[in-house]
Each structure stands twice: as structure tokens, then as C-alpha cells.
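Chains A and B are the protein sequences, given in the same order. With the numbering used here, the residue at position 509 of the first sequence is 509, and numbering never jumps. With the numbering used here, the residue at position 328 of the second sequence is 328, and numbering never jumps.
Treat the hints as calculated values from the structure; they're not laboratory data. Wrong hints could be hidden among the right ones.
Stretches of chain A that chain B covers, calculated by requiring three or more beta carbons in the stretch to come under 8 Å of a beta carbon on chain B [unchecked claim]:
| no. | region |
| --- | --- |
| 1 | 30-41 |
| 2 | 89-100 |
| 3 | 228-240 |
| 4 | 276-284 |
The beta carbon of each residue, even a glycine, is placed where N, CA and C say it ideally should be.
Now for the letters of each chain:
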Amino acid sequence: MQLTLWTYEGPPHIGAMRVATAMSGLHYVLHAPQGDTYADLLFTMIERRDARPPVTYTTFRAQDLGRDTAELFKQAVSAAHARFQPQAMIVGASCTAELIQDDPGGLAKALDLPIPVIPLELPAYQKKENWGASETFYRLVRALAGPPAPHPAREPGQRPLCNILGPTALGFRHRDDLIEIRRLLDSLGIAVNVVAPLGATPADLGRLREADFNVVLYPETARSAADYLKKSFGQPFTQTVPIGVGGTRRFVEEVASLAGIDPAPVLDGPGSRLPWYSRSVDSTYLTAKRVFVFGDATHAIGIARVAAKELGFTVVGLGTYGREFAREVRAEAAEHGIEALITDDYLDVEAAIRAAAPELVLGTQMERHVAKRLGIPCAVISAPVHVQDFPARYAPQMGFEGANVLFDTLVHPLMMGLEEHLLGMFREDPEFHDGVGPSHLGGKSYGTPADGAFEAAERAPADTPPTPAPVPILLDRAAAWSPEAEKELKKIPFFVRGKARTNTETFARERHLPLITVETLYDAKAHFGR
Amino acid sequence: MNAPLLHQPPCGGIELRQEQGQRAVFCGLTGIVWLHRKIQDAFFLVVGSRTCAHLIQSAAGVMIFAEPRFATAIIDERDLAGLADANEELDRVVTRLIERRPDIKLLFLVGSCPSEVIKLDLSRAAQRLSGRLAPVRVLNYSGSGIETTFTQGEDACLAALVPDLPREAETAVPSLLVVGALADVVEDQFLRLFAAMGIADVRFLPARRANAMPAVGRNTRYLLAQPFLTDTARALDERGACRLPASFPLGAEGTTGWLRAAAEAFGVSEAAFEQATEAGRARAETALAPHRERLGGKRVFFFPDSQLEVPLARFLARELGADLVEVGTPYLHRGHLAAEIELLPKGTRVTEGQSLDDQMDRCRAERPDLTVCGLGLANPLEAEGLSTKWSIELLFTPVQGYEQAGDLAELFVRPLRRRALLEV
């Protein structure tokens with residue numbers, strides 16, 4: 001048994017629902033107890049879908065267990081077929097139905113429906129959501145892509161043709177990534193055969209074989225299927241995930257080479273604004289900012305690279321909750337000279353964040369809350385996410401526009417961090433403390449200093465429950481400041497004063513100095529200025 | 001699935017049907033989300049699967065981040081291999097949990113579908129752990145979907161508390177017990193109303209703290225504040241307590257009926273009752289009047305969810321003039337709801353149980369002005385042009401009593417107002 005408060009992934013049948021909901025003309029009959037229909041609201045609320053997921057649940061109850069749950073399941077399959085008239089169905093069991101050991105595949109087969117009915121084996125007590133999505137997509141492709149055959153040679157003059165594999169329902173920015181990647185392929189002159197699972201029908205899966213190669217956007221959901229298509233139809237697939245400018249350029253080169261065409265038109269094109277923004281002097285302060293990255297493997301790896309190579313951050317932590325891709329994340333972490341964190345326990349992640357003491361956290365919804373608790377700026381870069389990360393606006397993560405989005409996403413919380421930092425320093429300043437009003441209003445305070453408490457309460461979002469006070473990271477006792485040193489410190493411009501204070505105290509602590517003198521202040525300055 | 005509707009003999013003046021098939025409802029585990037806020041030193045440990053953990057996470061929303069007092073012990077393959085291991089594993093998990101949260105006085109082991117199906121004996125585990133962890137008390141109940149629907153989780157939880165309640169002396173003077181979790185502010189309002197009538201000894205189940213649970217005995221008279229407390233009522237009856245039949249305190253009329261039941265049982269004079277409730281009734285009337293214009297004549301359809309549907313429908317029909325198209329309820333306790341059924345307009349179509357797709361077909365055919373339903377259905381129905389009120393809010397928001405009557409009406413009016421406001 002594992003004590004769990006927060007889970008990064010749902011059970012595997014949620015993964016199957018993500019595939020079924022992404023497609024059309026497919027229906028999923030899930031043998032599951034009453035109550036498991038809660039999963040519908042992930043799709044209707046978080047992703048704001050305008051239709052119910054194409055899932056029929058048997059919703060059996062205790063009184064049914066004494067009778068024939070197998071019969072109930074067969075009735076559900078028949079009724080769903082009659083009502084929805086799908087091109088194909090998938091059938092399977094949720095965790096409880098797995099225990100009662102009805103055999104959904106066998107029972108559905110006995111009904112002898114005139115459409116393909118694909119049984120799913122999703123071991124709910126071992127595997128999780130992403131595995132469930134991957135397995136479901138693989139089973140669908142295996143069942144519907146047709147018998148293995150060598151890939152026919154392309155007619156001369158025909159545009160190269162590819163499939164795009166991986167986007168699902170409830171995927172983090174899958175909707176816009178797809179638009180961005182389609183645009184990229186189009187400007188290379190590559191035609192798209194089938195996109196799956198998102199928007200595909202079972203019949204479309206029967207046409208997958210017609211493509212020359214496959215573009216795998218999310219290995220978590222599509223690598224098994226792509227492996228199968230490679231084996232069966234000789235279709236190679238892309239290994240590069242187009243996240244960041246570098247990732248996108250490598251992706252374009254890889255795709256062009258798979259298609260046998262010239263990548264130059266895209267590589268020499270306008271590309272992304274990120275490189276210039278990142279080079280502009282305004283970004284200098286981003287240099288070597290300590291960043292902690294956690295999420296699914298694809299996003300964690302891709303965004304750690306962007307952070308290090310495109311924004312000049314230092315990656316001080318990198319990890320994933322998805323064990324399926326632990327190897328890849330470990331390899332990437334080694335590139336940054338750190339050890340990867342592979343865990344699905346948020347308490348481990350919180351401990352690692354504390355230990356790494358980053359200046360920016362990039363993670364999931366959970367890391368957002370951990371960072372909030374620790375008072376560290378943060379941005380969300382991976383599922384699981386709440387409703388606000390299924391935005392109305394165009395917001396891809398992939399391709400050149402995705403890189404623009406990433407620049408803003410990764411830098412904005414820091415800008416706010418810097419602002420907050422400056423404001424904090426203003427507060428200490430005699431001319432800018434809380435009690436002083438704006439100069440255009442005559443510098444008169446519009447409230448008493450006690451209003452600070454009110455202001456803080458007002459700034460806290462009203463709908464979030466109070467979180468426990470942040471636990472301070474550190475520390476041994478700081479050395480005392482001599483009055484002269486304190487006076488000298490005040491001569492340093494306020495916007496670097498905090499930094500000077502921290503550095504000096506660190507310097508004194510490391511050397512076990514009981515008292516900070518003016519000498520210590522300048523010794524520390526020399527030491528850190530090296 | 002989709003069995004034909006069974007026509008039942010008439011029940012009061014309503015047209016009652018029962019329906020079987022797919023149900024789109026929460027399981028009883030969801031009750032934890034509000035119960036843990038109410039009993040401030042209790043912890044709810046679900047013994048279940050990743051699905052259970054994921055459900056609570058999805059239902060609790062942002063609450064999950066506030067170090068909430070609930071968690072899931074996820075059963076894994078090793079536990080399924082042998083049940084002896086599962087018990088040891090549970091003890092280990094619970095011990096670790098109590099070490100981490102020494103502020104916990106009461107621990108509920110909450111059964112789920114997987115734990116029920118593998119017949120993990122949580123009541124024995126609770127006894128065993130109660131001995132080992134004293135003074136922390138350990139109780140158990142089932143919130144599984146195979147046994148409970150949504151609010152029935154609260155019923156199961158409170159019923160588990162009842163045998164544990166202190167025994168009231170045989171000679172004690174009659175006391176009033178209000179049963180069902182209410183918002184603190186609502187409890188306090190009711191306390192003031194009862195005090196004004198001269199009923200001083202009023203207790204609440206659940207209490208806000210584990211060690212302050214009310215005593216119960218032969219002289220306890222209890223009022224159900226919620227319509228879904230079947231098992232809790234039975235357990236209280238077994239302790240000798242006596243239920244006061246009443247309507248439920250939703251809307252002004254429901255509240256008056258509910259208070260009157262207590263007044264009659266405690267010999268409060270008509271004059272004293274009038275005086276105590278006069279101001280509240282007047283304020284409720286003032287608050288309701290503007291909403292009547294917006295809801296009067298509007299056709300309302302309820303999908304089954306919480307068992308609050310019948311009293312809510314009664315409120316909408318009688319105090320706001322709405323027309324009831326269909327009132328779905330997951331379960332209809334005819335005894336507890338007798339007063340409510342009596343007040344429903346003659347011929348109201350009440351459906352007990354659900355066959356989801358058939359019910360959606362009926363809803364689409366009727367095109368009601370307002371559909372009260374769960375979050376899995378709300379957006380799809382909105383996309384079809386139907387106004388919806390998502391029903392879970394009715395559990396999380398204080399809606400009982402005179403002072404909340406206007407707020408309750410507002411919850412139903414808001415979607416209609418919004419639809420009228422939007423131009424795009």
C-alpha cells in the first residue's frame with residue numbers, strides 16, 4: 001500500500017478515455033462501478049469539451065455483484081452499439097471490475113457485433129494513465145492498421161506524406177502544438193496523411209500505412225504505436241521532440257531527411273523571436289538563474305534544454321513522474337551535471353526543490369503549489385494541469401511559436417520575481433516605505449502602516465484556501481553585523497543591497513566569523529566577484 | 001441497461017417511476033471533501049485504488065493543496081496477492097500517518113469498491129488500530145460506489161459515529177439533535193432560532209470536534225437537516241432517539257416546517273414560535289421576491305445527484321413558481337421525504353434511479369428552461385443550448401434556513417441571468 005495525497009497520473013483507464021475522447025467514431029465501454037463516471041468531468045470541465053466523452057460505463061452496484069455482472073456488461077455493449085453506431089469499439093475493465101474477473105474482451109466477442117471490438121488489458125494496480133493511453137493507442141493501431149506490408153515506393157513528384165502521432169484529449173497544449181507542427185510541415189512541403197488519436201476515426205487508422213514516415217510528438221502516448229508501424233510497414237519515425245528553437249531546428253532537419261527534402265526554406269525562414277529576446281540586454285539578468293524542472297519526460301527534457309541553452313539558466317534539478325521514460329531523463333540530467341529525480345511522490349519533489357534552492361520552478365500544477373508555499377517563482381510546463389492551462393488563446397509549446405510562448409512563460413514569473421524583490425527593497429528605503437504614498441499625491445500616506453496586512457490579504461487569491469506559512473530554507477545563525485559594517489552596507493545602492501547582505505552573511509558563516517566588519521563586507525565582495 | 005420504465009403504484013400525489021441503467025453520479029467517497037472541513041480534527045483515509053485517489057483529487061480541486069485531512073492508501077499488486085499482507089500494510093500506513101499528523105483525534109478508514117470487493121475487513125482493522133493508537137479513535141465506513149451514491153457517503157460516515165456517541169442518562173431532560181453536516185454559520189443561525197423559542201439544549205451531529213460529539217439517549221429528539229441520512233436515522237433509532245418528521249430547511253416554507261416540528265415536540269406555544277420566526281420569514285420573503293420574477297413559470301429538469309432534488313424542487317415550485325418537468329433522485333426515502341412529497345405539486349414526475357442516455361433523451365425532447373445536473377453533463381447540455389445549474393454547488397454552499405433562502409434562489413437564477421446577458 002502506498003499513502004497517497006496527490007497523484008500525478010490517473011489510473012490507466014483514464015489514459016484509454018483520453019484516446020477514445022480524442023477520436024471520433026470510436027466508443028469505449030468500460031466495466032466499472034457506480035461513481036467512476038467522475039472521469040467525464042475532467043474532459044467536460046478541465047478541457048471544456050462540449051460533448052460527453054464517448055464512454056459507456058456499466059456502473060454496477062453491490063446488488064449487481066450477486067447477479068450477473070457479465071450479463072450487465074454485454075447489455076451495455078449492445079446498447080452502446082445500437083445507440084451510437086460507432087465504427088469500432090474498445091472494451092475493458094476499471095480497477096474494481098478487474099477484481100471481479102469478468103472478461104470484457106471475451107464477452108464482447110460473444111456478441112458478434114458487425115464492427116471491430118478491441119479488448120484492452122490495463123492492469124490498474126501496476127500501471128498508470130500515460131501507459132494506459134499508450135497501450136490503448138497501440139492496440140487500436142495494431143487492430144485497425146491492416147496486415148503488415150512493405151512500404152510502396154513514392155511516385156516521383158508526389159509530396160512526401162507523414163502521419164502525426166500522439167496528441168490526445170486532456171493533453172497539455174496538444175491542440176495548439178498540432179496546429180504549429182502542421183504549419184511547419186506544410187512550409188516544408190510535406191503533406192499530412194492522418195493525425196491520431198486526436199481527430200482521427202477508426203477508418204483513418206486503416207490509412208496510416210499510406211504515409212512515408214511518422215512524426216511522434218509525444219513519446220508517452222505514441223512511441224509504442226510508432227514502433228509497431230515501423231515494424232509492420234517500414235515507416236521510420238522522428239526521435240526529436242520540437243520543443244524550443246534548437247529542438248525545432250533539429251526536428252525540421254530530421255523530418256526533412258526522412259522526407260528526402262531540403263530543410264533550408266524553414267531553417268532560413270523567420271523562425272522564433274526567442275533568440276533575439278534572449279540576446280537582448282534586458283535578458284542579461286537571466287544568466288545562470290537556478291531552475292528546477294519537473295514534469296512528464298517529454299516536457300521536462302525539452303524545457304530543461306531550452307532553459308539551459310536558450311535562456312542561459314542553470315538547471316539545478318530535473319525529474320519526471322513517468323517511470324517509462326526514466327532512462328531518457330537520467331541521460332538528460334547527466335548532460336546538466338546533475339542526477340535525475342524519478343518519483344511520483346510530491347513530497348520527494350518538494351524535498352528536492354528545497355534542497356536545490358532554485359530561483360525558478362518549472363513543473364506541473366503540483367510544483368506550482370509547492371513553489372507558492374516556498375515563495376519561489378514558478379511556471380507550468382507539463383500535465384497534470386488545471387483548467388487555466390487549457391487556455392482560449394493560441395499557446396503551443398512546440399515549434400517556433402511555441403518557443404516564443406516558452407520565452408514569455410519562463411521569464412514572466414521571474415520578472416514578477418524581480419519586481420517583487422525591488423518592491424521589497426523599496427520598502428526598506430526611507431523614501432519608499434509602506435507608509436509613504438505616491439509623490440503625485442503629495443507623498444501622503446493613504447493608509448496607516450497597519451494597512452499592510454489588509455493589502456496582503458487582498459492580494460491573496462480569494463478562492464484558494466490558506467496555505468501553511470512557508471518553511472524557511474536554511475540556516476545556521478547569521479553572524480552579527482558591526483555598526484560600521486551596517487552603515488557601509490547602507491551606502492550600497494538599494495537594488496543590490498539585499499544581494500550584498502546575503503553574500504556577506506554566507507561568506508561569514510562559511511568562515512565561522514562571529515562578527516561582520518567593514519573588512520568582511522569587502523572580503524566577501526572580492527570573493528563573490530571573482 | 002436501458003430496461004423499460006417500471007410504473008409503480010402512486011406515492012402521495014406524485015407520479016413516481018423507477019429507472020435502471022447507466023448512472024452518472026459520484027460515489028460516497030466524495031463526501032469526504034466537505035466532511036473533513038466540518039470535523040476539524042478528523043482524518044479520512046480511503047483504502048482503495050489509484051482511481052479513488054484520482055477521484056478525490058478531481059472533486060476536491062484546489063483544496064488538495066492545503067494539507068487537507070484526507071488521503072488514499074493505494075492498494076497495489078502485492079496487497080492483492082495475500083490479504084494478511086494487506087492488513088499489515090494498512091497498519092504500517094496508518095501508523096506513519098498518525099506520526100506525521102499528531103493533531104488527528106479521529107481517523108476514518110473509508111472503504112472503496114476495491115476494498116469491498118476483496119473483502120478487506122476494515123471494521124476489524126479499525127478495532128485493532130483503535131486499541132493500538134489510543135487515544136486516537138479509529139472508525140470505518142464505506143464510501144464505495146457499489147454501495148453509496150454521493151451524499152450517502154455522509155450518511156455512512158455519520159452512521160458509523162452513532163454507536164460511538166456518549167450515552168445520555170435515562171433521566172435527562174429532552175434534548176434536540178440536528179443531524180447532517182451544515183455550514184457553521186447556518187448552525188449558529190439555527191441555534192439562535194431555537195433559543196428564541198426556548199429550546200436551549202440543541203446539539204449537532206457531526207460536531208465540529210471529535211471529542212465534542214453529542215450524547216444520545218431515549219430523550220433525544222432529532223431533526224434531519226439533510227434528506228440523505230437513512231442509515232444514520234436508523235442507528236439513532238436503535239439508540240432510542242426519536243425522529244421528528246418534518247420538511248427540510250430549504251426555502252422559507254421548508255425552514256418553517258422544519259422548525260415547527262421541533263416547536264411542537266418541545267411544547268413551544270404558537271405565539272412564541274411566531275415571534276421567534278417572524279423576522280426570519282419576513283427577510284426570506286424580501287430576499288425571494290426579486291427571484292420569483294425570473295424563475296416564475298420556468299420549466300426545470302433535475303438529474304439525480306444528491307437526494308436534495310425533491311426538497312429543492314418543492315422550493316422552486318412553491319416559493320418561486322417554477323414548473324417541474326422531471327425530478328430525478330438517486331434514491332427516494334419515502335418516510336423521510338413524506339412531508340416533502342406532500343408539498344410537491346400533484347402529478348410531479350419523480351424518477352428514482354437513472355438510465356443516463358434515456359434521461360438525456362427526455363431532457364432534450366422537453367427542452368427545459370433550466371437543467372440541474374452534474375459537471376459531466378453540464379457543458380455538453382449548455383452546448384446544446386440548454387441552461388444548466390451544476391448541482392454539486394448545492395452541497396458546498398450554505399443554503400439552509402431563512403437567511404440563505406435568497407442565496408439558494410440566486411443559485412438557480414444566475415445561469416438564466418447570465419444567458420440573458422451574453423450577446424455573443
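The hints, checked one at a time:
1. 30-41: holds (count 9)
2. 89-100: holds (count 5)
3. 228-240: Not satisfied, violated; 0 residues make the cut.
4. 276-284: violated (count 0)
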